[in-house]
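Engineer: Chain by chain, the residues run as shown.
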Amino acid sequence: MADSKPHYTHLGHSNPWPFVASVGMMVGVFGLLFTMYKNPVGWMLVVIGGGLFLIAVFTWLTTMIREDISEATEHTVPEFPSIGKWMVGFLILSEIFLFGALFATYFYLRNHDQVYTQSLDHFYAVDGKKFEIWGLVPILNTIFLVSSSVTVHFAEEALRHGKKSVFQILMAITVVLGALFVGGQVFEYFNFATNEHFTPQTSTFGGSFYTLTTLHGLHVFAGVLVLSSILIGSFFHSVSAKRHIALTVASIYWHFVDVIWIILVAVIYLRFI
Amino acid sequence: MSETHTTDHPHSSYPAWTNWLFTTDAKKIGFVYMIMAFVYFFVGGACAGAIRIQLATPTMNFVDGVTYNGLVSMHGTVMIFLWVMPFIAGIINFVMPLQIGARDMAFPRLNAMGLWLFNAGALVLMATFFLGMPQAGWTSYAPLSILDKKEIGMDLWILGIQLLGISSIMSGLNFIVTIIKLRAPGMTIFRMPLFVWSSLVVGWLMILAMPAIAVTLTEVLLERHFGFTFFGPAHGGDPILYQHLFWFFGHPEVYILIMPAFGIISEVIPVFSRKPIFGYKLMAWSMILIAFLSFLLWAHHMFASGMDPRLTLPFMILTMIIGVPTGVKMFNWLATMWKGKIYLQTPMIFALGFLITFAIGGFGGIILASIPIDLHITNTYFVVGHMHYVLFGGSVMAIFAAVYFWFPKMTGYRLDEKLGIWHFVFTFLGSNITFLPMHWLGMLGMPRRVLTYSAIYASDNLMATIGGFIMGLAQLILVWNWWITLKKKEKCVENPWNSKGLEWTHASSPPRPDNFEEIPTVTTDPYDYGVPAPAKAAKEAKAHG
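Quick mapping for you: the protein sequence lines, in order, are chains H and Y.
Residue numbering for the first sequence follows my numbering, beginning at 56 and increasing consecutively.
Residue numbering for the second sequence follows my numbering, beginning at 897 and increasing consecutively.
No lab work stands behind these hints, which were simulated from the structure alone.
Take the hints with a grain of salt, since some may be wrong.
Straight-line distance between alpha carbons at most 20 Å, and here's what the computed EDC-like set of lysine to aspartate or glutamate pairs gives [unchecked claim]:
{"hint": "1", "chain 1": "H", "residue 1": "LYS140", "chain 2": "H", "residue 2": "ASP313"}
{"hint": "2", "chain 1": "Y", "residue 1": "LYS1237", "chain 2": "Y", "residue 2": "ASP1356"}
{"hint": "3", "chain 1": "H", "residue 1": "LYS93", "chain 2": "Y", "residue 2": "GLU1047"}
{"hint": "4", "chain 1": "H", "residue 1": "LYS93", "chain 2": "Y", "residue 2": "ASP1044"}
{"hint": "5", "chain 1": "Y", "residue 1": "LYS1235", "chain 2": "Y", "residue 2": "ASP1424"}
{"hint": "6", "chain 1": "Y", "residue 1": "LYS1237", "chain 2": "Y", "residue 2": "ASP1424"}
Among chain Y residues calculated to face chain H with C-beta under 7 Å, some are [said to hold, decoys possible]:
{"hint": "7", "residue": "ARG1005"}
{"hint": "8", "residue": "LEU1069"}
{"hint": "9", "residue": "LEU1104"}
{"hint": "10", "residue": "VAL1111"}
{"hint": "11", "residue": "GLY1123"}
{"hint": "12", "residue": "PHE1124"}
{"hint": "13", "residue": "PHE1126"}
{"hint": "14", "residue": "GLY1132"}
We treat Cβ as the ideally placed atom computed from N, Cα and C, and that holds for glycine.
Produce the entire structure from the sequences given, and follow the hints as far as they go.
Structural biologist: Printed below as a string of structure tokens:
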């Protein structure tokens, strides 16, 4: 139902950061273009654009946290949480379609390779031999990510009950587990590329594998950034037992990233389907 | 922004010239969107003009082949991504919060980011005019888009569309959350005006369709420059995969373009018929059904491309089924006018024009959906005629209706009626003279996207070119109308159409920065015309008219 009280936050404030972030993205895009055409200006533009973008987003977020601390009174607190939850819900829906398109690519290419070769082994082959990607690294990564989903849940519980130090410890564990996952993924790529000759260019399977896992890895990386900024912010009283929407939203998102990983393991690594 | 009384910081701390660049006010953001949309409308129109000059005679030498391909690609891209989509985003930003009784969007800063990302993407696309235009059409089918790896226009196109896609996802999320959370008290879900319904549905389409194009274009980029294989058959890829992914985005995309038109027409017709909309709930449900179905019929673009024959029939049937909810809307608009007191003012005239051209476009769609016919006329001018009837005769006609209808709301001045009618007459005649012969050309077998053609198609093509120039020049009447209206500065009454919409009854024209002095409480259904005194309302409307 519609809220009886409209939200008054930010109304009438000018804010330069969306503009600056967009300019940064445009400069970065031109930089990427020049890089692809081997023009040395490209890297500089990517750095300038990316830098502008990061500065803008960082300032934007810290302003938001500061506003939250200073003016989070009766105005914002009662409704902003549910706006945030709806937002992350629809964002996840959109992300499902993003991953869905990549999964569709994978299934389509696999089936079509079968048409030509009569065998799935060919699709998964590297250097003429069937290549198994399941191993120690994905097992460890699964353990890291699933347990981090548990710790972030209990961190939220702790915050709701006002146990701030428990919350901070659990959040730190979550962030470390997330970072370990990203590290594991980078190690896996490195291992595949150097020792197994399995690169994105190897085959259509290589392309699908690397795009799917990289997209997921970037989501984990973004999640780590968000969770650690909440953790850092908590030392400056940006969250409390009553005001924990940032954490709620981040933890919903984190669980989603975890679910996507489990699907990835089942479909790409273990090939249940 | 200094009039705002609701904030702790009434004065912006940034210099005055940044007012428009740094604004987070949905109305200002909407304005920038709409102004930029009209700028690109003329850019896209110039492309179309060049194409029509080239096609005026069978072997005209106006442009060379590379330029021609580029013009065709950029005409489609600009008109879809830089004209209709930003105009939609703009009008929703301006009108929707007013219609639901909200002070702003749910995420004003994200809204600003969406606006500037749109402008960034548009500039990247504009760069193709100087660095080389993309050759593969607005659909950029693989392998066309991956063959020439040194074609800079293709890369610019990909990167520009990526920025626009991110912008659209941001807007879509914002629309949905705003409508769900920020409605005024009493504005229940089935009391929302149909334009708000269309905004909600468009938001859904944007967040679900845009990811597909983001993935597809990323894959094209990876294949072009980083050695990945997705679409190139030489290394096990499949170009048909591109078509599946592209049309999974592309078909909902055309409903993104038409859905707000449905909303606009549903706003205009009840006001000028002085009657409540016929079958309100059915109108809302039919939009939802159309949006849902639009995700299930992408492969009707690919009957001739080759796919599993068992799949073609379901796609054909689903495509025809979408004609049912669309027909429901058509009949409900007609039934709304039935026995109404109809006022033929400019917005209503454009709405009537919409009904005619959109119906013809819809019939063309049903014809194309049928596989036996489609196999013969796919990729001919029939398709070009059909899609221009629904996009120009549908979306753009509705956009003009919206411009005339909400101009007094946005500026406080009313556009000149006489000039408005001339604008309509030449636009309507011109568009029909342009696009109707294209159907005949298609039936005769003239393929689309060709530079020269056989002499048997000459007369119809000349007719289309003449019509195109009538239609294009007619738009200058609109610009002239804006110019003299804004120069005269004759304030019109607050509610010149005597509409019962919240944006007219509870907000001033133009609205204050926070939209409402006090958030209204909604007690009635939308389009509450004729109750309790229909004659009185009609008389008032006449007095103002």
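Engineer: Taking the hints in turn, state whether each one holds.
Structural biologist: Cross-check of the supplied hints:
1. LYS140(H) - ASP313(H): holds (18 Å)
2. LYS1237(Y) - ASP1356(Y): violated (40 Å)
3. LYS93(H) - GLU1047(Y): Judged against 20 Å, a Cα distance of about 14 Å means the pair holds.
4. LYS93(H) - ASP1044(Y): Distance ~16 Å between LYS93(H) and ASP1044(Y) Cα, so the pair holds.
5. LYS1235(Y) - ASP1424(Y): holds (16 Å)
6. LYS1237(Y) - ASP1424(Y): Holds. LYS1237(Y) to ASP1424(Y) sits at ~14 Å (cutoff 20 Å).
7. ARG1005: holds (5 Å)
8. LEU1069: holds (5 Å)
9. LEU1104: Hint holds; LEU1104(Y) Cβ to chain H Cβ min 5 Å, cut 7 Å.
10. VAL1111: Status holds, d = 4 Å.
11. GLY1123: holds (4 Å)
12. PHE1124: With a closest approach of 4 Å, the PHE1124(Y) hint holds.
13. PHE1126: holds (6 Å)
14. GLY1132: holds (5 Å)
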